Amino acid sequence: MASFLLLLELGVTYFVCRAIYRLYFHPLAKVPGPKLAALTTWYCAYYDIIEGGQYVWKIKELHDQYGPVVRTMPDVVHVNDPAFIDKLYTQSPQQVRERPWTVLNMFTTHLSMLPTRDHYLHRRRRALISKFFSQANVRKLVPVVNDTLEDLHRRFEGWAKEGKPVVMRVPWQAATKDVIAAYAFGGGVKCLQMEDCNQPFFQLLNQERASKVPVHFYWVMQAMIKIPPSIMNKLNPAIPHFERFLGDLGKIIESIRNDKETPERSTIFHDILRSDVAESEKATPRMVDEAMVLAIAGSDTTALTMVAICYEILTQPKIFKRLRAELDSVMPDATQPPDPVKLDNSPYLNALIEEALRFYPSASHRQDRVAPNEDLVYEYTDGRTLTLPKGSIIGMTAPLVNRHPSLCDDPDTFDPDRYIQDPKLMHRHLTFNKGARQCLGMNLAYQELQTFTAGVWRKYAPYDPSKKVQGGPTMELYETTKEDVAMWSDFVTPSPKPGSPGVRVIVRLE
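In the UniProt record's numbering, the protein residues as written are 1 to 510.
No lab work stands behind these hints: they were computed from the structure.
Please read these numbers as outputs of a predicted model, since none were measured by experiment.
Some clues are possibly wrong.
[As the list claims (entries may be wrong)] Taking lysine to any residue pairs in the SDA-like style, the calculated list, with each CA pair at most 25 Å apart, reads:
#	residue 1	residue 2
1	K164	D422
2	K468	A160
3	K35	E9
4	K424	Y380
5	K318	T284
6	K390	A160
7	K140	L273
8	K87	R403
9	K87	R428
10	K30	E98
11	K30	A45
12	K468	K131
13	K161	D464
14	K131	G499
15	K434	R125
16	K226	R403
17	K318	D412
18	K434	P411
19	K321	A461
20	K390	L128
21	K497	N402
22	K58	K468
23	K131	P317
24	K131	Q91
25	K131	W159
26	K318	I506
[Claimed, not checked] Derived CB-CB ranges, DEER-like:
#	residue 1	residue 2	range
27	P465	Q135	16 to 26 Å
28	W42	W488	14 to 24 Å
29	T284	Q135	57 to 67 Å
30	T13	D276	49 to 59 Å
31	I231	Q421	30 to 40 Å
32	D344	D464	50 to 60 Å
Backbone N, C-alpha and C define an ideal beta-carbon position, used for all residues, glycine too.
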C-alpha cells in the first residue's frame, strides 16, 4: 500500500511539475494561446478524434481570439499569415527545415521521401525523383495524359447511356492514378478500363484517412500492420484490394530491377533502380513505400481539384461561358486533343484552375516544419515581434492561409477573374506548399488539370432545362449542394460533411 501511495505521489508530482514547466518555463511559454493547449496534446486530439477532423476550424477560432500566432499544442505553434510563408518554407539551401513527428505519423510509408524528417536525407531522396517532374519532362507525358482523356470520354459516354448519376470523384481518381502509374512504372491495368474504376482501392484510402487516431497514437497503426491478413480481411472487406496493390508494387519493382532492356519510354523507377545511389536507397521495401506515395499523392489530390472545378462550372454559368469561349479559340476541333502550349497561354483556363486550387486546397493538413539551427521571428503589423526558438514545431494550413484577407480581396468568394485583373496573385496560395518540400508533382498536376478541364468542357456544356434541344453533350448536377464539395473535416485531405455522397452529375450525349 505504501509503495502504491509513493508511486501515486511521484506521478502527481511529475504531472504538476510538467504542467508548471509547460505553462511558465517552456520555450514557447510566451506564445499566445489557450492554457489547455499548452498543457496537453489531448486538446488537439479531442477535436481531431472525438469531433472528427475539426481541429483546423478550432485553430481558426483561436487565431480570431489570440492573433496570427497561436500555441496549439505544448510543442507546436500555428501561424496564419501569408507574409510568414517565405520565412517558414524558405527556398534557401543554407536554411535547414525538417519535418517533425506531427500529422504524417498516420502514414506507414516511413521509408519514402514524404515523411522523411532529416533535411539532408530528404534532399537526397527528392533529388532522385525531382527531375522527372520538371516542366520539360512532364511535357513528354502529353501522349499519356491525352490517352487518359480519351479513356475519360469513353467512360462518360458509357455512363450517359446508363443514365445513372456519376460520382465525379470516381473518374478523376481513376484518371489521375492511370497517369502517374504509366509514368512511374510504364503501365499496368488502367483504372478507367476497370468496370468499377478501381473504387474499392480508393474507398479503402478514404476509410483509412477518415481518422486522426494514428496521428496521435502512432502505435495503433503499427499494431494494425501486424494483425494477420485473415483477420484484417474480415474486419474490412476492402483490405484485400490494398494488399493486392502493395503486392503488385513489390512485383513491379522487382520486375523493373531484373529488366535488362531499356524501356521505350523512361519511367521513374527504371531510372532510380539503374542509378548509382546507395543500394539501401534502392531496396525494394523503400521503393514500394516511394511508389505507394507517388500513386496515392499523385491521384487523389488532383482529383479533388477536378471535382471542385466541375462543381463551379456547373453552378456558375458565367464561368462556363468565359471558359468555353476561350476553349473554342484554342481547340477549334473538339475531337482533337488539346495543345499544351496553347493551354499554357489560355489565361481564363489557368485562372479557373488557380482559383480552384486556392479555394479548395486538396491538402488540408498542417504543414509543420522545424528550423533546428535558427530562431524564427514573427513581425506583427504594429511593430511588435515574437521570437519562435530554434527547434520549435511551426506550421501553417492551406485552408486557412488561402482565405486570409491579406492574400486577396474577398477571399471567401470563388472568382477566377481576380487573376486576370492582378496576375501577381498567381501561385501565392499554399496548396502545393512552399520551399524545399514543395509538392513534387506540381507541374504534372497543372498538366492534368489543364488537359482534363479543357478536354471535357470543350465537349460538354451545363445542361439547360429551358432548352428542348441541348445542341451537344451536357452534364447536370444531381442532388448536389455546396456541402458536397466544401471542406467539412481535415483528414490530411479535405472531407465533405458526413453522409455526403459527393458531387454527382447526370451525363447526357444530346
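Status of each hint after checking the structure:
Of the supplied pair hints, the one linking K164 and D422 is violated, its CA atoms being roughly 41 Å apart against a limit of 25 Å. Taking the CA atoms of K468 and A160, the gap is near 18 Å; set against the 25 Å cutoff, the hint holds. Proximity of K35 to E9 is assessed by CA-CA distance (about 24 Å); at most 25 Å being required, the pair is judged to hold. For a cut-off of 25 Å, the pair hint linking K424 to Y380 stands: about 24 Å separates their Cα positions.
Restraint check: the Cα-Cα separation between K318 and T284 comes to about 51 Å, which exceeds 25 Å; the hinted pair is violated. About 57 Å separates the Cα atoms of K390 and A160, which puts this hinted pair outside 25 Å; it is violated. Note on K140 and L273: the hinted pairing holds, with a Cα-Cα distance of about 21 Å set against a maximum of 25 Å. The suggested pairing of K87 with R403 holds, with an alpha-carbon distance near 19 Å, which does not exceed 25 Å.
Between K87 and R428 the CA atoms are separated by roughly 14 Å; this keeps the pair inside 25 Å, and the hint holds. With a C-alpha separation of about 23 Å, the suggested pairing of K30 with E98 holds against the 25 Å cut-off. Of the supplied pair hints, the one linking K30 and A45 holds, its CA atoms being roughly 23 Å apart against a limit of 25 Å. The straight-line distance between the Cα atoms of K468 and K131 is roughly 52 Å, outside the 25 Å bound, and the hint therefore fails.
Under the criterion of a C-alpha separation no larger than 25 Å, the hint pairing K161 with D464 is consistent with the structure, at around 19 Å. The hinted pair formed by K131 and G499 fails the criterion: a straight-line CA distance of about 41 Å is larger than 25 Å. Distance hint between K434 and R125 is fulfilled; the C-alpha atoms sit about 17 Å from each other, no more than 25 Å. At most 25 Å may separate the alpha-carbon atoms for a hinted pair to count; K226 and R403 exceed this at roughly 42 Å.
Distance hint between K318 and D412 is fulfilled; the C-alpha atoms sit about 18 Å from each other, no more than 25 Å. Proximity of K434 to P411 is assessed by CA-CA distance (about 20 Å); at most 25 Å being required, the pair is judged to hold. As the CA atoms of K321 and A461 are separated by approximately 9 Å, the hinted pair is consistent with the 25 Å bound. Between K390 and L128 the CA atoms are separated by roughly 29 Å; this puts the pair beyond 25 Å, and the hint is violated.
Distance restraint check for K497 and N402: the Cα-Cα separation of roughly 20 Å lies within the 25 Å cut-off, and the hinted pair is therefore satisfied. With a C-alpha separation of about 49 Å, the suggested pairing of K58 with K468 is violated against the 25 Å cut-off. With a C-alpha separation of about 40 Å, the suggested pairing of K131 with P317 is violated against the 25 Å cut-off. Distance hint between K131 and Q91 is fulfilled; the C-alpha atoms sit about 17 Å from each other, no more than 25 Å.
A threshold of 25 Å between alpha carbons decides the hint, and for K131 with W159 the separation of about 38 Å lies outside it, so the pair is violated. Restraint check: the Cα-Cα separation between K318 and I506 comes to about 20 Å, which is no more than 25 Å; the hinted pair holds. Taking 16 to 26 Å as the suggested C-beta distance range, the pair P465 and Q135 does not conform, at roughly 42 Å. For W42 and W488, the hinted distance range of 14 to 24 Å is satisfied, since their beta carbons lie about 23 Å from each other.
The hinted range of 57 to 67 Å is not satisfied by T284 and Q135, whose Cβ atoms lie roughly 31 Å apart. T13 and D276 have their C-beta atoms about 56 Å apart, which keeps the hinted 49 to 59 Å range intact. Our hint of 30 to 40 Å for I231 and Q421 is violated, since their Cβ atoms are close to 58 Å apart. Hint check: D344 to D464, Cβ distance near 31 Å, so the stated range 50 to 60 Å is violated.
Checked against the numbered hints above, the structure breaks hints 1, 5, 6, 12, 14, 16, 20, 22, 23, 25, 27, 29, 31 and 32 and satisfies the rest.
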